[in-house]
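Colleague: Each chain is listed here by its residues.
Protein chains: 2
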Amino acid sequence: MSKTFFNIGLVIGISLILNCSYAQTDAEVLRNIYTQSLTNGKSYTWLDHLSNQIGGRLSGSLNAERAVKYTKAELEALGFDKVWLQPVMVPKWIRGAKEFAYFETAPGKTTSVNICALGGSVATNAAGIKSQLVEVKSFEELEELGREKIDGKIVFYNRPMQPDLISTFEAYGGCVNQRYSGAKEAAKYGAIGVIVRSMNLRDDDYPHTGAMSYGDLPVSERIPSAAISTNDANLLSSMLSLQPNIQFYFKQNCRQLKDVESHNVIAEITGSEFPKEIIIVGGHLDSWDLGDGSHDDGAGVVQSMEVLRLFKEMGIRPKRTIRVVLFMNEENGLRGGRKYAEVAKQKGERHIFALESDAGGFTPRGFSFDASESHFNQVLSWKPLFKPYLIHYFERGGSGADIGPLKADNMVLAGLRPDSQRYFDHHHASNDTFEHVNKRELELGAATMTSLVYLFDKYGLNPIEKIPEPKK
Amino acid sequence: MSKTFFNIGLVIGISLILNCSYAQTDAEVLRNIYTQSLTNGKSYTWLDHLSNQIGGRLSGSLNAERAVKYTKAELEALGFDKVWLQPVMVPKWIRGAKEFAYFETAPGKTTSVNICALGGSVATNAAGIKSQLVEVKSFEELEELGREKIDGKIVFYNRPMQPDLISTFEAYGGCVNQRYSGAKEAAKYGAIGVIVRSMNLRDDDYPHTGAMSYGDLPVSERIPSAAISTNDANLLSSMLSLQPNIQFYFKQNCRQLKDVESHNVIAEITGSEFPKEIIIVGGHLDSWDLGDGSHDDGAGVVQSMEVLRLFKEMGIRPKRTIRVVLFMNEENGLRGGRKYAEVAKQKGERHIFALESDAGGFTPRGFSFDASESHFNQVLSWKPLFKPYLIHYFERGGSGADIGPLKADNMVLAGLRPDSQRYFDHHHASNDTFEHVNKRELELGAATMTSLVYLFDKYGLNPIEKIPEPKK
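First to last, the sequence lines map onto chains A and B. The first sequence begins at 1 in the working numbering and counts up by one. The second sequence begins at 1 in the working numbering and counts up by one.
Please keep in mind that the hints were generated in silico from the structure rather than gathered at the bench. Hints should not be assumed to be uniformly reliable.
No copy labels: a pair is met if it fits in one copy or bridges any two.
[Stated by the list, open to error] Below, in silico cross-link-like pairs of lysine to aspartate or glutamate (EDC-like), each with a Cα-Cα straight-line distance of 20 angstroms or less: (1) LYS383 / GLU395; (2) LYS137 / ASP409; (3) LYS383 / GLU373; (4) LYS42 / ASP164; (5) LYS347 / ASP26; (6) LYS407 / ASP26; (7) LYS345 / GLU268; (8) LYS276 / ASP409.
Note that the structure is a prediction, hence the values are computed from the model and not measured.
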C-alpha cells in the first residue's frame with residue numbers, strides 16, 4: 001500500500017469516526033440540547049451574577065460597563081474562536097434623586113403617589129411643578145380639548161392596556177404612544193407636565209419607566225413626563241371624577257448628559273464549511289435602572305450566551321459562523337443594534353439568520369419570523385421537531401429591535417416568543433428582578449433557541465423559490 | 001289574521017329574535033368567553049377570598065367547612081337552577097405542633113433542617129427519634145441493603161425529580177412512590193423512621209407534604225415519615241458522603257382522628273333539550289394545610305365556578321345539564337370523587353363529559369383526554385377554534401383524580417393542562433399562596449375550560465363509530 005493510499009485511508013477512517021459521533025437524527029440532537037440546558041445549563045448562574053452582583057445596567061452607567069466586562073470575560077473563558085468588543089457611542093441619561101409626587105384635594109390635604117421619570121425626560125424645576133390635571137385617553141381627545149383647556153396644566157394619560165388581548169405585547173403596542181410621545185403632543189397645547197399610566201396590565205404600586213421622545217421639540221419647550229403606578233392612576237382618575245380641580249405636584253431630577261462610549265459584546269464560533277454565512281443570536285445587555293433587568297433583558301443575554309456554550313459543550317462544530325451579540329442601548333437609543341448592522345454592511349458580511357430573545361425569561365412558546373414566505377415554509381418544516389418541548393408558536397411577524405437594522409431580503413429574522421402573560425407585571429419596573437425568573441423556564445428558552453440555530457446552521461437558507469404563475 | 005296565526009307569528013318572531021342573539025359562530029362565542037373572563041371575571045376575587053380569608057383547607061378541618069359554606073353561598077347568589085351539598089365522610093388528619101429536625105455531626109454539634117410530616121403519617125414518640133441515616137434512591141436499593149443495614153435506622157429517600165423531562169408531572173410521577181410508600185417499604189426492614197426528599201425541582205427551603213400510606217401494615221409497625229426541603233436534602237447527602245455515621249433527629253406531632261362528615265358542593269344549570277345528558281366541571285375544595293392552596297386547587301375550584309357563571313352571564317342556555325362539582329378530600333382520600341360517582345351510579349345518571357382543573361392556575365396550554373379514539377377525533381376537530389388563545393395541547397392521557405371514578409365507556413374525561421414548569425415549586429408547600437397566582441393566567445384557564453364545555457354542550461358526544469375492518 002502506498003503512503004498516499006494509506007493517508008487517504010486514514011482520512012476516510014477518521015472521517016467515519018467523526019461522522020459517527022454526528023450520526024444523530026435532528027430529533028436526537030434536539031433532545032440532547034434540552035437535556036444539557038436543563039441539567040448542566042449555565043444561563044441561570046450567569047443571570048444571577050448579572051442581576052444580583054451587577055444589577056440595573058442603563059446605557060452609559062458604571063453597571064453597564066461592568067456587564068460588558070463580565071460577559072466578555074465569561075465568553076473568553078469558554079474558548080470560542082473570537083471574542084471582541086464593538087465600540088458604540090450611547091446616550092447617558094441619569095435619574096438623579098428619587099421622584100416625588102402627590103395630589104391635593106384641599107390645601108394641605110395631600111396623598112402621595114408612586115411615580116418615576118420616563119427615560120429621556122427633562123427634570124421639573126428644583127421646586128417641582130404643581131397644577132390642575134387634565135385626564136385624557138388619547139391624542140385625539142387632547143386635540144379636542146385644545147390649548148384652551150390644557151394650557152398651564154398637567155396632562156394625565158390614562159388609557160389602560162386592553163385586557164382582552166391574548167398577547168400582552170399587542171396590548172402594550174396599543175398604549176405605548178402615550179409614554180413615548182405624550183410629552184411632545186401635550187406640549188403643543190401648553191401643558192407644563194405629563195403623567196402617564198404605567199404600561200402594566202396588573203393593578204399594583206410599581207411605576208414603570210421606559211423611553212420617551214420629544215421629537216424635534218426645541219429644548220425650551222420640553223416638559224417633564226413621568227409614569228404613575230396603575231393603582232395610583234386608578235385612584236387619581238376616581239378622585240378627578242369627584243373633584244375635577246384637584247392639584248397635582250411632582251418633582252423629578254433626571255438629566256441627559258453627553259454621549260459616552262460603550263460596547264456591544266460579541267463572540268464567534270467560525271463556520272467550518274461556510275464561514276461567510278453568518279448566524280447571530282442575541283439580547284441586549286443594557287436595562288432600565290429601577291430593577292435589575294432580569295427579564296428585560298438579562299434573560300435574553302444569558303440565553304444567547306448559552307446557545308454558543310451548548311454548541312461547544314456538545315461538540316457540535318457549526319458549518320456556518322455563529323455569533324452571540326450582546327447589544328448595548330436597546331432601551332433608549334438602539335445604538336448597539338444600529339452599530340452592529342452598520343459595521344456588518346461596511347464589511348460586506350452576509351447574515352442568513354438573526355435571532356433575538358427580548359421578551360422575558362418565561363416558558364418559551366415558539367418564535368415570530370420576519371421572513372419571506374418561502375423561508376417561513378422552510379422553518380415550518382422543522383416545527384414537528386419542537387413538539388416534544390411544547391414549542392408550538394411559529395408565526396410570521398416581528399423579530400427583535402436590536403436585529404431589526406440587519407434586515408435584508410435574503411435572510412430570516414426571528415424573535416423568541418415566551419409566554420407573555422406576566423411580562424408587563426415586571427417590564428421596566430423595580431420588580432424586574434432575579435427571583436421572578438424561573439430557572440427551568442429560562443433554560444427551556446435557551447434550549448429552544450439553540451435548537452433553531454442548530455437547524456439553520458445545518459441546513460442553511462433554502463434558495464428563494466420563484467412562485468410559479470398559476471395555470472389558467 | 002286569526003288569533004292563532006297571530007300567535008304563531010309572534011312565536012316565530014320571538015324565536016327569530018332569540019335565535020339572532022344566538023346566531024354567533026363558535027369562533028365568536030369563544031372570543032366573547034375569553035373577553036368576559038379577562039374583563040369581568042370573578043375567578044380571581046373568589047380565589048382571593050378562599051386563599052386569604054379562609055386559607056389552607058385540609059379535609060375535616062374548620063377551614064374546609066368554611067370553604068364549603070362560602071362556595072355554596074357564592075353559587076347560590078348566582079341563581080343557578082340547583083345548588084346542593086352532597087355529604088361524604090372524610091378522614092381527619094391533623095399536623096399538631098410544628099415539626100422539628102436536625103442532624104448531628106458530633107455530640108452537641110447540630111444543624112437544624114426544614115421538614116414537615118407527610119399526610120397520614122404517625123407522630124414520633126414525644127421525645128422524638130434519633131438514629132443513623134441510610135440514604136437510598138430506590139426501593140431496589142433498600143431491598144439490597146436489607147434488614148442488616150437498615151434495622152433501627154432512619155431511611156432517607158433522596159431520588160430527585162428528573163430535570164430533563166419537559167412535563168414536570170412526569171418527573172413527579174417518577175419520584176412520588178418514595179413519598180407515598182416509602183414508610184411502608186422501609187418498615188419491612190426495621191427502619192424506625194423515614195425522611196423523603198421533597199417533590200420539588202427547585203432547590204429551596206420549603207418542605208413539601210403530600211399523602212402517604214402504610215397500606216395494610218399493622219398499626220404497631222407504622223413508622224413516622226416526613227419530607228425534607230430540597231436544599232436540606234442536598235446538604236444532608238453531602239454530609240453523609242463525608243461522615244456516614246451522622247445522627248438524625250426528628251419530632252412530629254401529627255394524629256389521625258376519626259372520620260368526619262364533609263361535603264361536595266354542587267351547582268347545576270339544567271339542560272334545555274337533553275337534561276339527562278350531564279356535563280361536569282370541577283376542582284377540589286380541600287387543600288393541604290401548609291400554604292393556602294391557591295394553586296392546588298383553589299385555582300381549579302374558582303375556574304370551575306367561573307365556567308357556570310360565564311354561561312349565565314353571557315345568556316347561554318345550555319342544551320345539556322352542566323354542573324360544577326367542588327370535590328372534597330382529593331388530597332388524602334379521594335372520598336369526594338368516589339362519592340360523586342357512587343351517587344351518580346345509584347341514580348342512573350348519564351355523564352357525557354367531565355373536566356377537571358387540578359394542575360395549577362398557570363397559563364393554560366390545552367387539555368389531556370381520557371377518551372376513545374373516535375371521541376378524541378371529535379375534540380380534535382375543535383382544536384382550530386382555540387388557536388387564537390394559544391391553546392395547542394390536545395393529547396390523549398390522564399384527566400383528573402376526582403373525576404376518575406366516573407370513568408365509563410361512552411364518555412370523555414379531560415384535564416386542563418396549564419404550563420407545568422412552576423407548579424412543583426409550590427405544590428403542597430407553605431408557598432402555595434395567592435400571590436403566586438397571576439390573575440390573567442387564572443382567567444385564561446377559566447375561559448379555556450368554558451370554551452370546551454360550551455362545545456361539548458352544543459354538539460354533544462358523537463356516536464362511537466365502528467372502525468371498519470381493513471380491506472385486504
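Colleague: Hint by hint, note whether the structure agrees.
Modeller: Now the hints, each set against the structure:
In this assembly of identical chains, LYS383 and GLU395 lie within 20 angstroms of each other by CA distance both inside one copy and across copies; the values are 11 angstroms within and 17 angstroms between. In this homomeric assembly, LYS137 and ASP409 never come within 20 angstroms of each other (Cα to Cα): the closest approach is 39 angstroms inside a single copy and 56 angstroms across copies. For a Cα distance limit of 20 angstroms, the shortest separation of LYS383 from GLU373 inside one copy, 15 angstroms, qualifies, whereas the shortest one across copies, 24 angstroms, does not. In this assembly of identical chains, the alpha carbons of LYS42 and ASP164 lie at most 20 angstroms apart only when taken from different copies (15 angstroms versus 37 angstroms within one copy).
For the homomeric pair LYS347 and ASP26, neither the shortest alpha-carbon distance inside one copy (33 angstroms) nor that between copies (54 angstroms) is at most 20 angstroms. For a Cα distance limit of 20 angstroms, the shortest separation of LYS407 from ASP26 qualifies neither inside one copy, at 28 angstroms, nor across copies, at 39 angstroms. Within a single copy, LYS345 and GLU268 get their C-alpha atoms as close as 18 angstroms, which meets the 20 angstroms cut-off; across copies the closest is 67 angstroms, which misses it. Taking CA atoms no more than 20 angstroms apart as the test, LYS276 paired with ASP409 passes inside one copy only; the shortest distance there is 17 angstroms, against 61 angstroms between copies.
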